[in-house]
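Once you've looked at the hints, dock chain B against the given chain A.
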Amino acid sequence: MKEMIRLSGLRKSFGSLDVLKDISFTLEEGSVLSIIGPSGSGKSTTLRIITQLEKADDGSLEIAGHTLFSSVMGKAVYARPEEERLIGLKTGLVFQNFNLFPHFSVLRNITEAQRAVLKRPKEYAEEKAMKLLEKMGIADKARQYPYQLSGGQQQRVSIARALALDPEVLFFDEPTSALDPELTREILKVIRELAEERMTMVVVTHEMHFARAISDHAIFMDRGVIVEQGSPDELFGNPKEERTRQFIASFED
Amino acid sequence: MQGLLLQMLEGTVTSLQIFFLTLLFSLPLGFVVAKGRMASFAPIRWITDLYIQIMRGTPLILQLIFVYFAPFYVFGTSYDRFTACIVAFVINYSAYFSEIYRSGLQSIDRGQHEAAKVLGFSKAYTFFHIILPQVVKRILPALGNEVITLVKDTALAQTIGVAELFRVAQTASSREFSTVPIFIAGIFYFIMNYIVSRLFAIGEKKLEYYR
Chain A
1 MKEMIRLSGL RKSFGSLDVL KDISFTLEEG SVLSIIGPSG SGKSTTLRII
51 TQLEKADDGS LEIAGHTLFS SVMGKAVYAR PEEERLIGLK TGLVFQNFNL
101 FPHFSVLRNI TEAQRAVLKR PKEYAEEKAM KLLEKMGIAD KARQYPYQLS
151 GGQQQRVSIA RALALDPEVL FFDEPTSALD PELTREILKV IRELAEERMT
201 MVVVTHEMHF ARAISDHAIF MDRGVIVEQG SPDELFGNPK EERTRQFIAS
251 FED
Chain B
1 MQGLLLQMLE GTVTSLQIFF LTLLFSLPLG FVVAKGRMAS FAPIRWITDL
51 YIQIMRGTPL ILQLIFVYFA PFYVFGTSYD RFTACIVAFV INYSAYFSEI
101 YRSGLQSIDR GQHEAAKVLG FSKAYTFFHI ILPQVVKRIL PALGNEVITL
151 VKDTALAQTI GVAELFRVAQ TASSREFSTV PIFIAGIFYF IMNYIVSRLF
201 AIGEKKLEYY R
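If you're matching them up, the sequences are chains A and B in order.
Residue numbers 1 to 253, in our numbering, belong to the letters of the first sequence in order.
Residue numbers 1 to 211, in our numbering, belong to the letters of the second sequence in order.
Derived from the structure by calculation, the hints contain no laboratory data.
Wrong hints could be hidden among the right ones.
As the list claims (entries may be wrong) - Here's a subset of chain B near chain A, in silico, CB distances under 7 Å, partners left out: (1) Ala115; (2) Pro133; (3) Arg211.
Each residue gets a CB set at the ideal place from its N, CA and C atoms; glycine is no exception.
So here's chain A without its partners, still in its complex pose (with noise of 0.2 Å):
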């Protein structure tokens, strides 16, 4: 198995908050690894370190082989702009917020980075959009805008966007934080239909069930440090750490 990210003693802060300790994970190509924890644990800065929306303080990062920053002599030292921008390409993103582009019709959405990132013709980008949309069940929308969507339609139109530039392994921002429940067990069964075709992706969530039944790895994040990780059933099963027990515990009943 391909290793796709390799991760190890990622540290940052926010002035003389330390939101992230000293982080390290492995993830392999074609799994699923989500990351649970109460809110300021880290795991969003962790997403968002990884995909170069935050800047690692030190430790070091390799996505599919190549390496973002390493750390000398305790400091995240990163590659040239150029690669940056070729690993980042590897990378997409899912946000909690969706983050459309409002003035674009949903299928610009998706073709407009195919098309100025990555050169493709207008047939091809457009015939992959609809191909895309038709997968998440709104080729009908793909001329309308995206405010006369529902939320889980939108989030649908931002997985499709990412999913667009073929990242080798896509993330997941809290995908269903902005929507109710009907409209998250939409979003739900799209991200589980991704995790049987092995697309590698992680996903940072707080739908406990959904976790345990998708992932392949686990990781429980408090305070800026890897509380515990290990496979779902443990963790979510027997979790060996009391913070861990108490923040499942949490979300019974």
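Here is chain B on its own, set in the frame of chain A:
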């Protein structure tokens, strides 16, 4: 009467020259100023802020006089009134436009920049294709207000002797002992602004296709 109207049309042409030249330079310059006002390097922010404060805090009529006469006192040379007039209008309106742009730029959700970054768009592409179109939609009403004010402000150019519409009207008025030319000038300004506001209304309508 025909001679008068002809003179006033000439004055109107000068007014329109001031109007269009001011827009031509201050609309893009406003963006540069807005960027300076939002710069991460504090001294640039302070200087830009001071500049905006001065432009907004002192009368345009005073700025016109200053821009026209200052070079004479400092360098002992003078320059063409019309150029001075354009310079004064441009530096004044750039300040106002910059604040409108800033309000628009800051109202765009950070998520738009982040989504663009994650999708691999370059900074320039993100600005021109993702951010700017949304900013334009949001600031169009405020921009319309400012552009209408500009049409009326061109009348101030007469302070430094530029023969624009209002000066022509005033001269004619005192020559003929009649307020009619002034009244006609009023109609001219109104027509110009009616066109401006219709154009902005069309622009807003065109951008109504999304929210």
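Hint-by-hint comparison with the structure:
| no. | hint | in the structure |
| --- | --- | --- |
| 1 | Ala115 | holds, 4 Å |
| 2 | Pro133 | holds, 5 Å |
| 3 | Arg211 | holds, 4 Å |
In terms of the numbered hints stated before, the structure departs from none.
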